[in-house]
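Q: Quick note, the sequences are listed as chains G and D, same order. Count along the first sequence from 1, add 53, and you get the number used in my numbering. Count along the second sequence from 1, add 53, and you get the number used in my numbering.
By construction, these hints were calculated from the structure, which means they are not laboratory data. If you're wondering where the values come from, they're calculated on a predicted model, not measured in any experiment. Please note that a few of the clues may not be correct.
It does not matter which identical chain is used: a pair holds within one copy or between any two.
[Unchecked claim] Straight line, CA to CA, 27 Å or less: simulated DSS-like cross-link-like pairs of lysine-lysine: (1) K395 x K170; (2) K84 x K315; (3) K377 x K111; (4) K308 x K170; (5) K77 x K334; (6) K260 x K334; (7) K315 x K77; (8) K295 x K77; (9) K111 x K84; (10) K395 x K57; (11) K260 x K272; (12) K68 x K260; (13) K170 x K77; (14) K341 x K377; (15) K137 x K328; (16) K84 x K334; (17) K260 x K328; (18) K295 x K395; (19) K341 x K295; (20) K84 x K328; (21) K170 x K334; (22) K308 x K395; (23) K328 x K124; (24) K328 x K77.
Number of protein chains: 2
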Amino acid sequence: MQSKLAIVGLGTVGKGLIELLYEKSNFLSEKYHFNPTVVAISDPRVGSLYNESGLDLKRILSLLDRDGNIKDYPDAISGWDSLKTIKESNADTIIELTPTNLETGEPGLPFIRTALKAGKDVVTTNKGPIALAYRELQELANENNCMLRFEGTVIAGTPALNLALSPLAGINITEVRGIVNGTTNYILTRMESGMSYEEALKEAQLKGYAEAIPDADVKGWDAVAKIIIIANVLMGGNVTVKDVEREGIDSITLKEVEEAAKENKHWKLIGRATKLDREIKTRVSPEKLDEDDPLSQVAGATNAICFTTDILGDVTIIGPGAGKRETGFAILSDLLDINRLKEFCSG
Amino acid sequence: MQSKLAIVGLGTVGKGLIELLYEKSNFLSEKYHFNPTVVAISDPRVGSLYNESGLDLKRILSLLDRDGNIKDYPDAISGWDSLKTIKESNADTIIELTPTNLETGEPGLPFIRTALKAGKDVVTTNKGPIALAYRELQELANENNCMLRFEGTVIAGTPALNLALSPLAGINITEVRGIVNGTTNYILTRMESGMSYEEALKEAQLKGYAEAIPDADVKGWDAVAKIIIIANVLMGGNVTVKDVEREGIDSITLKEVEEAAKENKHWKLIGRATKLDREIKTRVSPEKLDEDDPLSQVAGATNAICFTTDILGDVTIIGPGAGKRETGFAILSDLLDINRLKEFCSG
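Given the sequences, and given the hints that come with them, work out the whole structure.
A: And the structure:
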């Protein structure tokens, strides 16, 4: 199928997506009959472009590498803001990649609302809008006969959400436990080799895993957003930020990590959602896992989610939890699923 | 969507499927708008029934429990053989569950061919036809505008194939390594607690994991069938039984297992498919895995598959590899995916 994409918010992940679309163009066309065109990009810092016939992705990538922006791109209307891009471009699919804000969902939330109301499919990696307003947005998508997809909001391109939504359709998920934050898992893994928390955090910051103010990761907020999405999307919950019990890893001492190691146990920051009679109980906290727990050996920046189910018992998926191309792939996989559905109907 | 199913071959797995369809009937209807009816069952031992309006699943299950067959079921035409059932019933979907024969694909192969030629969707758990004739059958499905699905041929309902086909679409899988046989993994795990190979095999036989003649499992033939399916379906291979290097676990000694354990290593029967320049190299053999290998801690009858990919690096899925309801679920998940595609088009 043809598909016209508009990218709203162009940072690292958007660049990863453009690289994949450019490099895999022939493969996507031959194997999946997927022929996307990026008709618009809108970003307040990097620049905004619109060409209804499609932008030249190779040129966009060259400009980003050379200038860090796309302002010298020729042959396109420039200067449209994101709302105008969503409303007035000929894009059929909006790729919403603005930064996560867990308190307001801004700026992505109104962008997604506007796109769905206009009947445009939305693919996002932005945890804010999905954690805060999944039900409203999904209903909006249903009313307007379009699709809302967000694989990249939880452990990047490792297809945890789409696995549960599609190949595991028909199952009752009674509990989800996950290592859903790579930064904290990296820090805890480094502590197992004898580093103090402070040293491991500093190393994670130097490697670009942790921010200068690392609270979103180490105090568990990032994991909170992901466990809310899991509870609400996969388990029918209605969980909000204040419902999640939260404890970060900043209280874990090197001594505790070393004592666990002596028993072949591993401290992990675990996000947990448990289905009770009438509600979903959610928690993010450090847990000391036994050696034979499928999450126990998941080390470094790798992530993992274990679904406890009625029919299959435990099903665990392990894979990368972050990265430019890894998260770009999450968007591509959502686009390919939309394409698969449309292709099936047209064939 | 409505769907009319005919079950060809009614053993343990078919019974598991019928249980799930019966118990989850309301859930499947409400959540997925999936409203299947079993219109026919055909099995040379258990009996054959056809009622174009649908069979009473509760009654079928009662009869199976009471008599081990369905011959006393009223209100149905009885005695149709499988080919007649496929050709002349009003079923739109054939559930093909006859026993695996890796040399000829019989009796399932001609059943699947006949169904696809008649434009009927096919869901099977039978490794023989898919390992021997995947390309021919997939082309037949394409030509006749119908679907061929076979999640249950590889590690039961743990959705390894559908994960790779759908949420991982767009990725290039360069290598697959898997623990794809639960019986051998059970034996090797028991040997780690000090049992000899012979004792562990005997226990596996008592538990119903291993057959009286255990060669299909312990000599690696079952894993060979699965690795052929993985190589041909997921990696574009053209692998046949004779192409797979094969070594069973019957040569592994207790001493080797114990020495590995001292180094925190684990012997596993690994099925492996590796993409080379112009071919897929396949092998089934015991491998001694390091502690940090994601397959290393997979114990007992649990199975796991690790996909090495171009974008995500390693993605591993771990779950059950056998079982009545676990394999029944594989069929249900294929049916729900077909339903999802048809539902999308009708909406």
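Q: None of the hints should be skipped; say for each whether it holds.
A: Evaluation of the provided hints:
1. K395 x K170: both (20 Å within a copy, 25 Å between copies)
2. K84 x K315: So K84 and K315 fail the 27 Å test inside a copy (50 Å) and across (47 Å) alike.
3. K377 x K111: within (17 Å within a copy, 52 Å between copies)
4. K308 x K170: neither (54 Å within a copy, 67 Å between copies)
5. K77 x K334: between (41 Å within a copy, 24 Å between copies)
6. K260 x K334: Classified as neither; 34 Å inside a copy, 37 Å across copies.
7. K315 x K77: Neither way: K315 and K77 sit 47 Å apart in one copy and 46 Å across, limit 27 Å.
8. K295 x K77: Neither, since 42 Å and 34 Å both go past 27 Å.
9. K111 x K84: within (22 Å within a copy, 43 Å between copies)
10. K395 x K57: Intra 14 Å, inter 24 Å, cutoff 27 Å: intra and inter.
11. K260 x K272: Answer is within; shortest intra-copy Cα gap is 19 Å, inter-copy 47 Å.
12. K68 x K260: within (20 Å within a copy, 54 Å between copies)
13. K170 x K77: So K170 and K77 fail the 27 Å test inside a copy (31 Å) and across (34 Å) alike.
14. K341 x K377: neither (30 Å within a copy, 34 Å between copies)
15. K137 x K328: neither (42 Å within a copy, 46 Å between copies)
16. K84 x K334: Result: close only across copies, 22 Å inter versus 42 Å intra.
17. K260 x K328: Close neither inside one copy (37 Å) nor across copies (32 Å); limit 27 Å.
18. K295 x K395: neither (39 Å within a copy, 40 Å between copies)
19. K341 x K295: The answer is within: 24 Å in one copy meets 27 Å, while 47 Å across copies does not.
20. K84 x K328: Between copies, since 17 Å is at most 27 Å while 40 Å is not.
21. K170 x K334: neither (32 Å within a copy, 50 Å between copies)
22. K308 x K395: Answer is neither; intra-copy 55 Å and inter-copy 57 Å both fail.
23. K328 x K124: Answer is neither: 50 Å inside a copy and 42 Å across each miss the 27 Å cutoff.
24. K328 x K77: between (40 Å within a copy, 18 Å between copies)
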